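**Q** One-letter residues, chain by chain:
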Amino acid sequence: IQMTQSPSSLSASVGDRVTITCRATQGIGKDLDWYQQKPGKAPKLLIYGASSLQTGVPSRFSGTGSGTNFTLTINNMQPEDFATYYCLQDSSFPWTFGQGTKVDVK
Amino acid sequence: QVQLVESGGGVVQPGGSLRLSCAASGFIFSSYGMHWVRQAPGKGLEWVAIVLFDGMTPHYTDSVKGRFSISRDNSKNILYLQMNSLGPEDTAFYYCAKDYSSTSYIDFWGPGTLVTVSS
Numbered sequence: 001i002q003m004t005q006s007p008s009s010l011s012a013s014v015g016d017r018v019t020i021t022c023r024a025t026q027g028i029g030k031d032l033d034w035y036q037q038k039p040g041k042a043p044k045l046l047i048y049g050a051s052s053l054q055t056g057v058p059s060r061f062s063g064t065g066s067g068t069n070f071t072l073t074i075n076n077m078q079p080e081d082f083a084t085y086y087c088l089q090d091s092s093f094p095w096t097f098g099q100g101t102k103v104d105v106k
Numbered sequence: 001q002v003q004l005v006e007s008g009g010g011v012v013q014p015g016g017s018l019r020l021s022c023a024a025s026g027f028i029f030s031s032y033g034m035h036w037v038r039q040a041p042g043k044g045l046e047w048v049a050i051v052l053f054d055g056m057t058p059h060y061t062d063s064v065k066g067r068f069s070i071s072r073d074n075s076k077n078i079l080y081l082q083m084n085s086l087g088p089e090d091t092a093f094y095y096c097a098k099d100y101s102s103t104s105y106i107d108f109w110g111p112g113t114l115v116t117v118s119s
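Chains as they are written, first to last, in this note's numbering: chain U, 1 to 106; chain W, 1 to 119.
No lab work stands behind these hints: they were computed from the structure.
None of these values were measured; they are calculated from a predicted model.
Please note that a few of the clues may not be correct.
[What the hints assert, rightly or not] Now the in silico label distances, taken between C-beta atoms and shown as ranges:
| no. | chain 1 | residue 1 | chain 2 | residue 2 | range |
| --- | --- | --- | --- | --- | --- |
| 1 | W | S85 | U | S62 | 12 to 20 Å |
| 2 | U | N69 | W | T57 | 26 to 34 Å |
| 3 | W | S71 | U | V14 | 45 to 53 Å |
| 4 | W | S69 | U | Q26 | 26 to 34 Å |
| 5 | W | S85 | U | N75 | 42 to 50 Å |
| 6 | W | T57 | U | N75 | 37 to 45 Å |
| 7 | W | Q3 | U | S51 | 26 to 34 Å |
| 8 | W | G87 | U | Q78 | 23 to 31 Å |
| 9 | W | L114 | U | S62 | 45 to 53 Å |
| 10 | W | Q3 | U | P58 | 21 to 29 Å |
| 11 | W | K43 | U | G67 | 22 to 30 Å |
| 12 | U | S62 | W | G66 | 38 to 46 Å |
| 13 | W | G42 | U | T4 | 17 to 25 Å |
| 14 | W | S71 | U | S91 | 22 to 30 Å |
[Stated by the list, open to error] Below are the DSS-like pairs computed for lysine-lysine, each with C-alpha atoms no more than 25 Å apart in a straight line:
| no. | chain 1 | residue 1 | chain 2 | residue 2 |
| --- | --- | --- | --- | --- |
| 15 | U | K102 | U | K38 |
| 16 | U | K41 | U | K106 |
| 17 | U | K44 | U | K30 |
| 18 | U | K102 | W | K43 |
| 19 | U | K44 | U | K106 |
| 20 | U | K41 | U | K102 |
| 21 | W | K76 | U | K38 |
| 22 | U | K106 | U | K30 |
| 23 | W | K76 | U | K30 |
| 24 | W | K65 | W | K43 |
| 25 | U | K44 | U | K102 |
| 26 | U | K106 | W | K43 |
| 27 | U | K41 | W | K43 |
| 28 | U | K30 | U | K102 |
[Said to hold, decoys possible] What the simulated footprint calls covered on chain W by chain U, stretch by stretch (three residues with Cβ under 8 Å from a Cβ of chain U suffice, anywhere in the stretch; the number is not a length):
| no. | stretch |
| --- | --- |
| 29 | 40–49 |
| 30 | 79–91 |
| 31 | 97–108 |
Ideal placement from N, C-alpha and C gives every residue a C-beta, glycine not left out.
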C-alpha cells in the first residue's frame, strides 16, 4: 500500500489553520496514524486510528478520514507546531509512511 | 516511564554486517510488538520490520527481506536488528519503536542510532 501525502511542504503563520492530507492506494479502514517530527528528534505520535488523539497531545490537532482519504488538521498553529508531519498506514504489512509534510514559518 | 535506547550503529563497509540493539525499560517488554524504522539523512521515514511479543512471525519491508533479521530477547528486554549485505542505501538513522499492543500502531520511539555504509 502506497501513501501519498500532500503538500510536501507549506508555510504558515501562528494562529493559522493547517490541513495535511494522506491518500492510500487501497482502502485501509481507519488504520492510519499521524506523527510529528522535529529536527534531530524521534517522531512523536499525534493521532492513531485516523481520529483518536494520543494522550497529552493538544486538542488543536485533529484527524479525520477512512478508507483511502485522510486529513490532519492543526487549528490555531502554535510556534512549537512547526515541524514535519508523517502519516503511517498500519493496516497491512509492510507498513508504509507518507513522504512527509514540512510546515515552516511564513 | 517508557525508555528505548538504541546502540550498535557506526560505519560499516558495503557488503558488511552490523547488529543493532535496543534496550527497553519502563514497560512489560514481553507483552508488546516492537519495530525498527529508519530514516536516511534528510529524507522521510521508512518502516523496516516488526517482531511480535513472542518473537515469532516477523514482517519486513521488501527492500530488507533476506538481508535483515529482527529478533528479541524477552529475558533481557532487548530488541535486535541483524543487518547483512549492507549497501549505501541502508545508510540511515535507525529507530527502535514500541507498538501500542501487538500490531496496532507505534506509540513510542527511541532516539535512534546512525548507521553509515561507506568504504
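**Q** Compare the structure with each hint and give your call.
**A** Cross-check of the supplied hints:
1. W:S85 x U:S62: 12 to 20 Å: violated (43 Å)
2. U:N69 x W:T57: 26 to 34 Å: Holds, since N69 of chain U and T57 of chain W (Cβ atoms, about 31 Å apart) stay within the stated range.
3. W:S71 x U:V14: 45 to 53 Å: holds (46 Å)
4. W:S69 x U:Q26: 26 to 34 Å: holds (29 Å)
5. W:S85 x U:N75: 42 to 50 Å: Roughly 47 Å apart at Cβ, these two residues keep to the hinted range, so it holds.
6. W:T57 x U:N75: 37 to 45 Å: Holds, at about 40 Å.
7. W:Q3 x U:S51: 26 to 34 Å: holds (29 Å)
8. W:G87 x U:Q78: 23 to 31 Å: At 41 Å between Cβs, range violated.
9. W:L114 x U:S62: 45 to 53 Å: violated (34 Å)
10. W:Q3 x U:P58: 21 to 29 Å: holds (24 Å)
11. W:K43 x U:G67: 22 to 30 Å: holds (28 Å)
12. U:S62 x W:G66: 38 to 46 Å: The hint (38 to 46 Å, Cβ to Cβ) holds, given that S62 of chain U and G66 of chain W are roughly 41 Å apart.
13. W:G42 x U:T4: 17 to 25 Å: holds (20 Å)
14. W:S71 x U:S91: 22 to 30 Å: holds (25 Å)
15. U:K102 x U:K38: It holds: about 10 Å lies between the C-alpha atoms, which stays within 25 Å.
16. U:K41 x U:K106: holds (23 Å)
17. U:K44 x U:K30: holds (19 Å)
18. U:K102 x W:K43: Since the Cα atoms of K102 of chain U and K43 of chain W sit roughly 11 Å apart, the hinted pair holds (cutoff 25 Å).
19. U:K44 x U:K106: holds (23 Å)
20. U:K41 x U:K102: holds (14 Å)
21. W:K76 x U:K38: Cα-Cα ~31 Å, so violated.
22. U:K106 x U:K30: Cα-Cα ~32 Å, so violated.
23. W:K76 x U:K30: Between K76 of chain W and K30 of chain U the Cα gap is close to 35 Å, so the pair fails against 25 Å, i.e. violated.
24. W:K65 x W:K43: holds (21 Å)
25. U:K44 x U:K102: Between K44 of chain U and K102 of chain U the Cα gap is close to 15 Å, so the pair holds against 25 Å.
26. U:K106 x W:K43: holds (22 Å)
27. U:K41 x W:K43: holds (13 Å)
28. U:K30 x U:K102: Holds - the C-alpha atoms of K102 of chain U and K30 of chain U are around 24 Å apart, at most 25 Å.
29. 40–49: The restraint on the stretch 40–49 of chain W holds, since 4 of its residues have a Cβ under 8 Å from chain U and three suffice.
30. 79–91: The restraint on the stretch 79–91 of chain W is violated, since only 0 of its residues have a Cβ under 8 Å from chain U and three are required.
31. 97–108: holds (count 7)
Violated hints for the displayed structure, listed by number in ascending order: 1, 8, 9, 21, 22, 23, 30.
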